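Given the coordinates of chain A, work out where chain B should sit on it, guided by the hints.
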Amino acid sequence: MHGINMDKEGIIMDDSFITMAHGAGGLKSRELVEKMMLPAFDNKYLRQMHDGAKLLLKNNIAFTTDSYVVKPLFFRGGNIGKLAICGTVNDLSMTGAIPRYLSVGMIIEEGFPLSDLQTIVNTMREAAQEAGIYIVTGDTKVVDKNSGDGIFINTAGVGELIEGSDIAPQNVRPNMDIIVSGYLGDHAASVMAVRHGLELPENIKSDCAPLNGLVKEVLQAAPQVAVMRDATRGGAAAVLNEIAEQARVGIIIDEEKIPVRKEVKGFCDILGFDPLYLANEGKMIVFVNPKDTAAVLQVMHENRYGKNACMIGTTNDKSCGEVGLRTIIGGIRIVDMPAGEQIPRIC
Amino acid sequence: MMMPEESRRAAAFFINQIDALIKKPVRFMEVCGTHTVSIFRSGIRQLLPEKVDLVSGPGCPVCVTPNDYMDMAIAYAKRKDTIIATFGDMLKVPGTSSSLNEAKAQGADVRIIYSPLDVLQISQENPQKQIIFLAVGFETTAPLTAVTVQTAMAQHINNFFILSSHKWTNAPIDALLSDPRIKVDGFLLPGHVCVITGEKPFDFVADKYRKPAVVTGFEALDILQAVYMLARQVNTGQIQIENAYKQVVKPEGNRVAQSVIKEVFDSVPAKWRGFGTIEASGMILKDKYAQYDALQQIPVEKEISRENPVCRCGEILKGLIKPTQCPLFKKTCTPDKPAGACMVSVEGTCHAWYKYGQGRYHYGR
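Line by line, the protein sequences give chains A and B. Residues 1 to 347, numbered by our numbering, are exactly what the first sequence covers, in order. Residues 1001 to 1365, numbered by our numbering, are exactly what the second sequence covers, in order.
Bound-form chain A, shown alone (with noise of 0.2 Å):
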């Protein structure tokens, strides 16, 4: 253990935390580089030291970028790093490509343990290997004790397009097969129980991993999948009203086929959540031609990550732009779009 040192401001002065200097661009800042970054995310790419990396790819590109906060930072199934990765590796796949380079940047809050920086950077390398893609570039910035919540990353991804997709939401059409790759819920879940002190069973953790693997066999299953969309913020009812609106067409799901677990959704009764609201990290809709379904399904069962997948309703041409859900007792009822945050309820 290091004993903790403050100058006479109260700023704690160890190295076993990130400080100002550390973002200052000088020995501290190359130290950190030096010591924790490159050996974590070492590659030809990374090796150039360059200010940008140089990148060869041959086919028509995929491209974009989204920031993670969250809280708490770890969690059960993941941390901050691994959805940093998984995120934007996701987001490259469903479009239907390859993800092939990352950017990483960190804004990091002075006083943040390095141990702790340590394991979230050891995570993005697992995750990334697991993914098969390179990070090649990357940034890190502190910000003064109280200007952050400990870590933000952005990370940014290219990857290249598979020849002969089109994966687009225009390309839906009534009579479609809808199929979800596993139980929805459990990274929401996860979370918002260590966030409020609430207990989950042992089996409830996030299912935050990446798909790349799981669209890429899906796509040599079913080339024409018509769009898949990851599941994340605002759950599996953003994405299903964002089909619907885009495609104009409805979209009916059977309730007692929406793969949920009995855990999660007494978590979801204790606070009075939907779980089709639900953010999800590692969970992908997909919509597919009636006579692709069985070919979708049993690539996604024999995948880890697509083992609980099932079809969970189709698309008509009857209620354009809504999505209904079909009830256990037989009745419909809307499912619309997330509006604002889910909060807990009093009783």
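What the hints contain is simulated information worked out from the structure, not anything from laboratory work. This one's a predicted model, so the numbers in the text were calculated from it and none came from an experiment. It is possible that some hints are incorrect.
Below, a list of computed lysine to aspartate or glutamate pairs in the DMTMM-like style, where the Cα atoms sit at most 25 Å apart [claimed, not checked]: (1) B:Lys1330 x A:Asp336; (2) A:Lys265 x B:Asp1118; (3) A:Lys44 x A:Glu126; (4) A:Lys28 x A:Asp139; (5) B:Lys1337 x A:Asp274; (6) A:Lys71 x B:Asp1266.
Take a look, some chain A residues computed to stay more than 10 Å from chain B by CB distance [to be verified]: (7) Gly26; (8) Arg47; (9) Gly111; (10) Ile328; (11) Ile332; (12) Ile334; (13) Asp336.
We treat Cβ as the ideally placed atom computed from N, Cα and C, and that holds for glycine.
Below, chain B alone, put in the same frame as chain A:
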């Protein structure tokens, strides 16, 4: 657990029975907000015959909280040495000119908690501050507040206070039934509340007003069964309080919870949004616990409260109008920027109507 096929068969049975028993249009009121949400979420309104109308009553604790209370909470929140501890739903509830969320954005220390007991920990961790818990809710949450106050006393925690808006659910039903403008033919009584109170506090519905009432749970089939039982009472004219939730609700209720409420709180007249003041409908701390009563211990200046004259939450809570008849509904009043409390809580009537498309989904319209 029933299979979906069995559930559908059971639902169809109840709906056919209801259709056969009810001869002329009826309105049943579900008192509890959790019932409202379940009714919308399961599509019950759409399955019931048109002649059976379900209206929501004053059973969402956030919705019945008047501006007066919110203004007081906001005034406390603005004090430098104060931490407000509250259930999450209260943050967005508009007061006369502001909300707790806005106060929080301007630097007030407002913390969301899940159990009143969490507030004691906050109190112990912040000895130099005054911690005020917004004690809102019905008979279901009041015992928890009561236990928290007793624990604070036992542990000599002196910087913990409550701003009580705890309320009795039977009081507004009595007020509703004595209002000649209100036409309700029967009540779905709140299962969770009756777990605590038992059936007795609702006897007056049948005895004094000759209206049917059924205590029920929160699954779609529980509710359909209760509507069926109401229909049977309407049909036969044999009016009584029935219990369709016997596995959970005992006739005498939970005596321990009742006695802790009685030990800590006195019944007093209280203000309800839409109803005004109702006799013996609120709970305040007994003199013995006065040291924990924020109103008595911490004087604060609040703004002069008035209700938004255009917002019609009050009439909606009484079942006099539907949310769609309010000029603000879906226009300037949305879950993102609610003008009235009924749009704030996930269990509020306006929120349910907004979220679930007014409850009658027209597939293929």
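Structure-based check of each hint:
1. Of the pairs offered as hints, the one joining B:Lys1330 and A:Asp336 holds, with about 13 Å between alpha carbons and a cut-off of 25 Å not exceeded.
2. A distance of roughly 24 Å separates the Cα atoms of A:Lys265 and B:Asp1118; the hinted pair therefore holds under the 25 Å criterion.
3. Distance check on the hinted pair: A:Lys44 and A:Glu126 sit about 17 Å apart at the alpha-carbon level, within 25 Å; holds.
4. Restraint check: the Cα-Cα separation between A:Lys28 and A:Asp139 comes to about 14 Å, which is no more than 25 Å; the hinted pair holds.
5. With a CA separation close to 20 Å, the supplied pair B:Lys1337 and A:Asp274 stays within the 25 Å bound.
6. Between the alpha carbons of A:Lys71 and B:Asp1266 the distance comes to roughly 41 Å, so the proposed pair goes past 25 Å and is violated.
7. Every C-beta of chain B lies more than 10 Å from that of A:Gly26, the closest at about 35 Å, which supports listing it as non-interface.
8. A cut-off of 10 Å between C-beta atoms confirms that A:Arg47 is not in contact with chain B; the least separation is 46 Å.
9. Look at A:Gly111: its CB is around 20 Å from the nearest CB on chain B, clear of 10 Å, so calling it non-interface holds up.
10. For A:Ile328, the requirement that its beta carbon stay farther than 10 Å from each beta carbon of chain B is not met, with the minimum near 5 Å.
11. With 10 Å as the threshold on Cβ separation, the claim that A:Ile332 sits away from chain B is violated: the shortest Cβ distance comes to roughly 5 Å.
12. At roughly 3 Å from the closest C-beta of chain B, the C-beta of A:Ile334 falls inside 10 Å, breaking its exclusion from the interface.
13. Under the 10 Å C-beta cut-off, the non-interface status given to A:Asp336 relative to chain B is violated; the minimum distance is some 6 Å.
Checked against the numbered hints listed earlier, the structure breaks hints 6, 10, 11, 12, 13; every other hint is satisfied.
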